[in-house]
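*Asks:* For the protein sequence lines, the chains are A and B, in the order given.
Going by the numbering used here, the first sequence opens with residue 1, and the numbers climb by one from there.
Going by the numbering used here, the second sequence opens with residue 1, and the numbers climb by one from there.
Please note: incorrect hints may appear among the correct ones.
[Stated by the list, open to error] The list that follows gives simulated cross-link-like pairs (lysine-lysine, DSBU-like), each with its CA atoms no further than 30 Å apart:
{"no.": "1", "chain 1": "A", "residue 1": "LYS151", "chain 2": "A", "residue 2": "LYS82"}
{"no.": "2", "chain 1": "B", "residue 1": "LYS245", "chain 2": "A", "residue 2": "LYS65"}
{"no.": "3", "chain 1": "A", "residue 1": "LYS65", "chain 2": "B", "residue 2": "LYS51"}
{"no.": "4", "chain 1": "A", "residue 1": "LYS125", "chain 2": "A", "residue 2": "LYS151"}
{"no.": "5", "chain 1": "A", "residue 1": "LYS101", "chain 2": "A", "residue 2": "LYS151"}
{"no.": "6", "chain 1": "B", "residue 1": "LYS380", "chain 2": "B", "residue 2": "LYS328"}
{"no.": "7", "chain 1": "B", "residue 1": "LYS200", "chain 2": "A", "residue 2": "LYS151"}
{"no.": "8", "chain 1": "B", "residue 1": "LYS51", "chain 2": "B", "residue 2": "LYS6"}
{"no.": "9", "chain 1": "A", "residue 1": "LYS101", "chain 2": "A", "residue 2": "LYS82"}
{"no.": "10", "chain 1": "B", "residue 1": "LYS380", "chain 2": "B", "residue 2": "LYS257"}
{"no.": "11", "chain 1": "A", "residue 1": "LYS105", "chain 2": "A", "residue 2": "LYS125"}
{"no.": "12", "chain 1": "B", "residue 1": "LYS200", "chain 2": "A", "residue 2": "LYS65"}
{"no.": "13", "chain 1": "B", "residue 1": "LYS3", "chain 2": "A", "residue 2": "LYS151"}
{"no.": "14", "chain 1": "B", "residue 1": "LYS345", "chain 2": "B", "residue 2": "LYS380"}
{"no.": "15", "chain 1": "B", "residue 1": "LYS257", "chain 2": "B", "residue 2": "LYS328"}
[Stated by the list, open to error] If you want the ones that stay clear, here's a sample from chain B, every Cβ over 10 Å from chain A, calculated:
{"no.": "16", "residue": "PRO5"}
{"no.": "17", "residue": "LYS6"}
{"no.": "18", "residue": "VAL43"}
[Said to hold, decoys possible] Sample of chain A residues with no beta-carbon within 12 Å of chain B, all distances over it, derived:
{"no.": "19", "residue": "ASP107"}
{"no.": "20", "residue": "GLU112"}
{"no.": "21", "residue": "ARG167"}
{"no.": "22", "residue": "GLU174"}
Just so you know, these hints were derived from the structure itself, not from any lab.
Note that beta-carbon positions come from the ideal geometry of N, C-alpha and C, so glycine has one too.
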Amino acid sequence: MERCRLVFSGSGGQGVITAAIILAEAAVICENLNAVQSQSYGAEARGGATRSDVIIADTPIHYPKVIQPNVLVCLTQEAYNKFSAIIRPGGLLITDSRYVKIQRKVDAQQRELPMYRSVMEQIGKPIVFNICMLGAVIALTEVLRPDSIMKVLEGRVPRDFLELNQRALQLGMELGRAAAH
Amino acid sequence: MGKTPKFVQGNEACVEAALYAGLNFFAGYPITPSTEIAEHLSVRLPQLGGKFIQMEDEIASLCAIIGASLTGCKVMTATSGPGFSLMQEALGYAIMAEIPCVIVNVQRGGPSTGIPTHVAQGDVNQARWGTHGDHAIIVLTASNHQDVFAMTVEAFNLAETYRTPVILLFDEVVGHMREKLVLPEPGDLPLVERLHTSVKEGVDYHPYLPREDGRLPMSDFGGVHRYNVTGLVHDMWGFPSTDPKVVHGLLRHLVDKIENRAGILAHYREHQLEDAEVVMISYGSSARSALHVVEDRRRRGERLGLLELQTLWPFPHELVRRKCAQAKAVVVVEMNMGQIMQAVKLSVPQPERVFLANRIDGNFITPADIMNILRIIQGKGV
């Protein structure tokens, strides 16, 4: 496989770090791949532009941070303004259409997805916004299988909330597939 | 062997390894970036019948584990630079009184409270010489979670074998990042247990009388033997002494038991050193960036290799001299102002060929940082 370098960014509390951990853990535990995950600490992780880096590969990963992501997710305008310039030319840039107004000057495949709006309209719980985002990422990149994400969620989420997460993942995948032209 | 991988932070890998090694007493004062060690042990230790105590500060933390170790526990504390500074007095006491204990320092930027959430490797010389007086110390480190596990177990083993504090000098990047950890099964890694005295109750026990092999059997404090423990220079009974023969003998013993074994204590990894014209020497998270550079440049035909040190002290001078014998240049990659570089310069016959590739701004050193410095050293310009 080609090495996948992802950066998830947003604001503290949106769950971007949790989403990054779930994705990387699924790669390691369920698909026997290598993955490393790191994140910004300190003041910037609590509000401001939070960032988490994930690398997934079938070879050993030494340098653990992402300098040029081929997948960049921005869930706030501040995160988009701060990080959109670092994307690898031609990479995939996923934004949430409620929170981010995109500019056209970035050399990337930009996908504006109504993730937050869809979650609120169809599920009604903003807590699974990040899982919806993960669904969109795996539909657009096919880096992992959705059942791997669900398996990790089963170990992390109380049973009563699993169905909620399943629906959010499904919703994200539908949004991703619809945008995968 | 049915091993399931876990996906954990380096700090959690340290916790898993400490429990594997038999840790049953932890006292600490949580501090970034080591907090997860205390956090996870506060859950795990009580479940396993061990004791977790959150102390009032780092001085008390080290004192508490020293006392617990004397009673027969396997003990650890975890901190970062500011707390490690406070521990120096008790560290010297543990060295002097020969009390097995493991001290984790997950390094952040210093001096003082410095830059809590960012990485540095500035405590290398503090770990060696932070406490006063002539002494020796064992300091281990690691660059990935499997090695964090192995070195943590080794720290407990060396602490018991040599009756000494062992310092695990990790850093923010390794402590916080998550990656795969395959937990060894019980028995996969050898464990050294406490060497208890065979002296029976009612018979005189000498706490500082070595056996023929040099080891000092212990008797659980509060058990069947009464003995004295002190930070003063002491005789084989543990009582203070100013007899020059006793003073000289004790200091020689404390230093020689570790420095004379620098060769067998030297843990390291090597990558493509056989024909390397440029040898990089690194450790901890910096070694990950250096290894990235080695693999990248080898693909382009450059003869570059890496010696990754896992034992920092006692410094493996002989190993470094041997591995650098054919090198045209030696480049030490570390996130400080050349603390290991100084030791490397002492090891090689041509110290003018030793260069420093470093970063000290709180950011993790990148492969590009190292490449830029390599090009300049090789006369290729930026």
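*Asks:* Take the hints in turn and mark each one as holding or not.
*Replies:* Okay, the hints, checked on the actual structure:
In summary, the hint linking LYS151(A) to LYS82(A) is not supported, as the alpha carbons are separated by about 33 Å, beyond the 30 Å threshold. Restraint check: the Cα-Cα separation between LYS245(B) and LYS65(A) comes to about 56 Å, which exceeds 30 Å; the hinted pair is violated. Straight-line distance between C-alpha atoms of LYS65(A) and LYS51(B) comes to about 36 Å, which puts the hinted pair past the 30 Å bound. Simply put, LYS125(A) and LYS151(A) have alpha-carbon atoms about 21 Å apart, close enough for the 30 Å limit, and the pair holds.
Restraint check for LYS101(A) and LYS151(A): the C-alpha separation of about 34 Å exceeds 30 Å, so the hint is violated. Proximity of LYS380(B) to LYS328(B) is assessed by CA-CA distance (about 15 Å); at most 30 Å being required, the pair is judged to hold. For the hint linking LYS200(B) to LYS151(A), the alpha-carbon distance of about 56 Å lies beyond 30 Å, and the restraint is violated. A threshold of 30 Å between alpha carbons decides the hint, and for LYS51(B) with LYS6(B) the separation of about 25 Å falls inside it, so the pair holds.
About 13 Å separates the Cα atoms of LYS101(A) and LYS82(A), which keeps this hinted pair within 30 Å; it holds. About 46 Å separates the Cα atoms of LYS380(B) and LYS257(B), which puts this hinted pair outside 30 Å; it is violated. Using a Cα cut-off of 30 Å, the hinted pair LYS105(A) and LYS125(A) is violated, with the two alpha carbons roughly 34 Å apart. Straight-line distance between C-alpha atoms of LYS200(B) and LYS65(A) comes to about 57 Å, which puts the hinted pair past the 30 Å bound.
In summary, the hint linking LYS3(B) to LYS151(A) is supported, as the alpha carbons are separated by about 18 Å, within the 30 Å threshold. Among the hinted pairs, LYS345(B) with LYS380(B) is consistent with the structure: their alpha-carbon atoms are about 24 Å apart, no more than 30 Å. Distance restraint check for LYS257(B) and LYS328(B): the Cα-Cα separation of roughly 35 Å exceeds the 30 Å cut-off, and the hinted pair is therefore not satisfied. Non-interface status of PRO5(B) relative to chain A is broken: a Cβ of that chain comes within 10 Å, the nearest being about 6 Å off.
Look at LYS6(B): its CB is around 8 Å from the nearest CB on chain A, not clear of 10 Å, so calling it non-interface is violated. With a least beta-carbon separation of about 16 Å from chain A, VAL43(B) lies farther than 10 Å from that chain, consistent with its non-interface assignment. Consistency note on ASP107(A): stated as away from chain B, and its beta-carbon is indeed over 12 Å from all of that chain's, at 21 Å minimum. Interface exclusion of GLU112(A) from chain B stands, the closest Cβ pair being 30 Å apart, more than 12 Å.
At roughly 25 Å, the least C-beta separation between ARG167(A) and chain B is larger than 12 Å, which holds for a residue marked as non-interface. Distance to chain B confirms GLU174(A) as a non-interface residue, since its nearest Cβ pair spans about 28 Å, more than 12 Å.
In summary, the numbered hints that this structure violates are 1, 2, 3, 5, 7, 10, 11, 12, 15, 16 and 17.
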